[in-house]
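**Q** Make a model of the complete structure from these sequences and hints.
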Amino acid sequence: MWLKDQMMQRKSKTLKSQLSKVGFFFLIVGIIVFISTPLRILKEEVFEEMRLAIFQKNINEDNNTTINNVNTENLTVTTEKKEEAEENDKKANYSYIGEISIPKIKLKRGFVSKESKYNNVEYNVTIANISDYPDVPLGNFILMAHSGNAYISFFDKLYKLQIGDEATVSYNANTYNYRLTNIYNQAKTGTVAIYRNPSIKTLTLITCTHNDDYNQTIYIFEEI
Amino acid sequence: MDLSIIEQLITFIALPFQSFLTIEILLIFLIILIFLIYNEKRQSKKVKYSLISLIIFFFSLLVFYFQEDIVTVLSEIIKTIMRCFYFPNILFYILTTITSLIILIYTILKSNLTKLNKIITYSITLIHLFLFTNFISLAITNNISLTDTANIYQHDNMFIIVLFSQIIFIILILYKLIYHFCHIRHSKLEK
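Residue numbers (this note's numbering), protein chains in the order written: chain V, 1 to 224; chain L, 1001 to 1191.
No lab work stands behind these hints, which were simulated from the structure alone.
Straight line, CA to CA, 27 Å or less: simulated DSS-like cross-link-like pairs of lysine-lysine: (1) V:21 to L:1176; (2) V:43 to V:160; (3) L:1079 to V:108; (4) L:1118 to L:1176; (5) L:1079 to V:57.
**A** So this is what it looks like as structure tokens:
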């Protein structure tokens, strides 16, 4: 009887220790699953900061080149820089050609050229194929991005914008300021109709409607 | 920011009496302190547990009221750690290298370490130092200024070298921590 009791006690102890190990394992897995998405978002933010810092540095260097772009020596430098930029785009560590900033929602994202393979909603805020660049007179600069909870949801806070809020686009060493004038929704059909004043340069942002799987929201900004 | 030392001290002393809330917070902390000191004589378990629950309750209240700010602060802390890992500035990178170098020298000089431990430490530290040397030579050959972080990381080679250096450094620190933890436990068991 005594031996049997001892055996039973040992068995229950082993079972308890095994159960606690399994519980600990599941706890660790749970924590990892729970924090993986926020960590990924933070990692993306850190990488974005560095990309923007590189973009700003390149802008400053370009500005210096433009200022000194008088003699023929510096013209050669400009050509080299163009080749360098093309080379940069081929690398995994791609470089930006511009930056959009909306202070109200603390949005600051870079964008790559339309031709770049990273001009894709899976990587960046994306320039639409039919879009003009910000330096085109009376043009419409169209940007698209995901919204939601994923780490690529760059336009996840656009729904907080109100008419009158401001946005800034930096492109080709120039800054363009815009003010939000219109917000409207459309059904997700694969195409978007953009209603804007053609006599004013505009910035259009397109993303999925907040908490709505069937609509997309279009934000029309006009240049100030 | 431009206050004199005396002004700084006066401001510091006056801080807890600025509003009713700050006086209240000061009183709570004073009461906790008095109870803790008094309980050192009595050693009552009930007081201990109730004080721990009171402190936890107090900080839970803070977390509840300043949820958003705490999340922002936590995100900033994690982002700073990530910046140090992925894009450390040159000062931080040099500091990790110096740490690695000190560990290497210590391991060479220390005679009572096991052979296996020495071999592992030599390998990891030398890989780390080799990567650092490579980093410096790449910067010199490509004429890259190391003062600007963005300047360093626009080059893929530099980014990869630093990333792997950081991974190696973390492995080294983890190895050392685990080794010392096991060593302490082992010596305790032996005793």
